[in-house]
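Visitor: The lines below spell out each chain.
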Amino acid sequence: MRGERGSAVLLLPAGFVALLVLAAIAVDQSRLFAARRQLLDVAASAANDAVAASVDESAYRRGEGAALAAARAESEVRASLAGHGLAGRVQSHVTTQQGPSGPQVIVRLESHEPTVFARLAPGGYGTTAIRVTASATFMVMWDLANPRR
Amino acid sequence: MVGGVEMLPLGILIFAVGALVVLNLWALVDAKLAVSGASREAIRTMSESSAIEDGMVSGDAAARRVISRGCRTLDRFSMRWTTADGSTGTPELTRCLRVVARASYNVPAIAVPWVGALGSVEVNATSSELIDPYRDGLPGVACAA
Numbered sequence: 284m285r286g287e288r289g290s291a292v293l294l295l296p297a298g299f300v301a302l303l304v305l306a307a308i309a310v311d312q313s314r315l316f317a318a319r320r321q322l323l324d325v326a327a328s329a330a331n332d333a334v335a336a337s338v339d340e341s342a343y344r345r346g347e348g349a350a351l352a353a354a355r356a357e358s359e360v361r362a363s364l365a366g367h368g369l370a371g372r373v374q375s376h377v378t379t380q381q382g383p384s385g386p387q388v389i390v391r392l393e394s395h396e397p398t399v400f401a402r403l404a405p406g407g408y409g410t411t412a413i414r415v416t417a418s419a420t421f422m423v424m425w426d427l428a429n430p431r432r
Numbered sequence: 002m003v004g005g006v007e008m009l010p011l012g013i014l015i016f017a018v019g020a021l022v023v024l025n026l027w028a029l030v031d032a033k034l035a036v037s038g039a040s041r042e043a044i045r046t047m048s049e050s051s052a053i054e055d056g057m058v059s060g061d062a063a064a065r066r067v068i069s070r071g072c073r074t075l076d077r078f079s080m081r082w083t084t085a086d087g088s089t090g091t092p093e094l095t096r097c098l099r100v101v102a103r104a105s106y107n108v109p110a111i112a113v114p115w116v117g118a119l120g121s122v123e124v125n126a127t128s129s130e131l132i133d134p135y136r137d138g139l140p141g142v143a144c145a146a
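In order, the protein sequence lines correspond to chains A and B.
Take 284 as the starting number for the first sequence in the numbering used here and just add one per residue.
Take 2 as the starting number for the second sequence in the numbering used here and just add one per residue.
Hints in this document: simulated from the structure, not taken from any laboratory.
Some hints here could point you the wrong way.
[As the list claims (entries may be wrong)] Sample of chain B residues lacking proximity to chain A, with all beta carbon distances greater than 10 Å (derived):
1) N25
2) V30
3) C72
4) E93
5) T95
6) P109
7) S121
8) L131
[As the list claims (entries may be wrong)] Chain A regions said to be covered by chain B (calculated; three or more residues, Cβ under 8 Å):
9) 311–321
10) 332–340
11) 364–370
The model shown is predicted, which means the values in this text are computed figures rather than measured ones.
Here a beta-carbon is modelled for each residue, glycine too, at the ideal position from N, C-alpha and C.
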């Protein structure tokens with residue numbers, strides 16, 4: 284039976300390459316997790332701003348209920364994205380709807396985050412799409428139209 | 002002499018440098034989380050304040066509290082306030098005013114224990130918030146009115 288003393292010469296570089304590949308995957312995935320978390324914060328903030336700014340107050344005071352102006356909500360989300368320095372880098376889709384607790388703004392954001400190491404691999408990808416959704420509900424604490432109720 | 006023992010110092014050096022690089026990468030991630038929290042705290046404090054100057058002072062203080070919690074050097078931290086149009090002046094705090102807080106922290110590029118820090122990498126986070134359109138005690142009208 285032959286000795287195995289020389290096998291370390293092969294095993295060490297192979298192990299090192301595997302370690303490097305795992306480290307590269309860890310770096311790319313961590314960046315994506317961080318970007319996703321950040322985008323989720325932005326989406327929540329934008330939804331919160333949009334729902335507060337887009338309620339038609341005069342209609343509400345006339346007793347017509349709280350309704351949201353969709354165009355206003357969209358422009359407020361765009362302004363929020365610009366405020367966060369993400370204008371043009373993030374695609375947004377804004378939906379206004381009547382939720383169970385009141386009118387609701389749903390913000391869906393999509394961004395394409397560049398990868399650091401995955402692009403270098405054969406058949407690798409240069410960007411990864413990140414999609415997040417956040418919503419905010421306009422809740423009436425008391426009835427402004429009928430303050431005595 | 003046992004074969005390869007002369008490579009031991011080199012191996013230890015590589016290990017030490019590698020450990021420092023990994024620690025520094027983590028410092029960047031940690032700083033990013035900290036400045037994100039600081040800018041969020043600052044903007045929340047600003048949106049609850051009664052005047053823009055007070056808001057900037059108390060927002061700065063709130064952000065610095067977040068930064069100092071992690072035993073970080075406050076000298077490396079800075080805050081910048083702007084409004085939606087990018088102006089850095091001090092407009093009146095009105096309903097529907099969009100305020101933007103940008104927090105920055107300079108992380109040492111290479112930090113060697115007992116030796117010191119070399120260079121720096123700036124880590125930034127931006128938060129933006131609309132002043133509540135229905136807040137009491139502020140001038141202006143609700144945005145959609």
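Visitor: Hint by hint, note whether the structure agrees.
Guide: Here's how the hints hold up against the structure:
Listed as a non-interface residue, B/N25 keeps its Cβ farther than 10 Å from every Cβ of chain A; the least gap is roughly 13 Å. With a minimum CB-CB distance of about 7 Å to chain A, B/V30 fails to clear the 10 Å threshold, and the non-interface call is violated. With a closest Cβ-Cβ approach of about 22 Å to chain A, B/C72 is found to remain outside the 10 Å limit, as its non-interface label requires. Against chain A, the non-interface label of B/E93 holds: every CB pair exceeds 10 Å, the least being about 18 Å.
For B/T95, the shortest C-beta to C-beta distance to chain A comes to about 13 Å, beyond the 10 Å cut-off, and the non-interface label holds. Distance to chain A confirms B/P109 as a non-interface residue, since its nearest Cβ pair spans about 20 Å, more than 10 Å. Against the 10 Å criterion, B/S121 stays outside the reach of chain A, whose nearest CB is about 20 Å from its own CB. Annotated as non-interface, B/L131 brings its C-beta within 10 Å of a C-beta of chain A; the closest such distance is 4 Å.
A stretch counts as covered by a chain when three or more of its residues have a beta carbon under 8 Å from one of that chain; for the region 311–321 of chain A and chain B the count is 3, and the coverage holds. Beta-carbon proximity to chain B at under 8 Å applies to 7 residues in the region 332–340 of chain A; the threshold of 3 is reached and the given coverage holds. For a cut-off of 8 Å, the count of residues in the region 364–370 of chain A with a CB near a CB of chain B stands at 4, and the three-residue condition holds.
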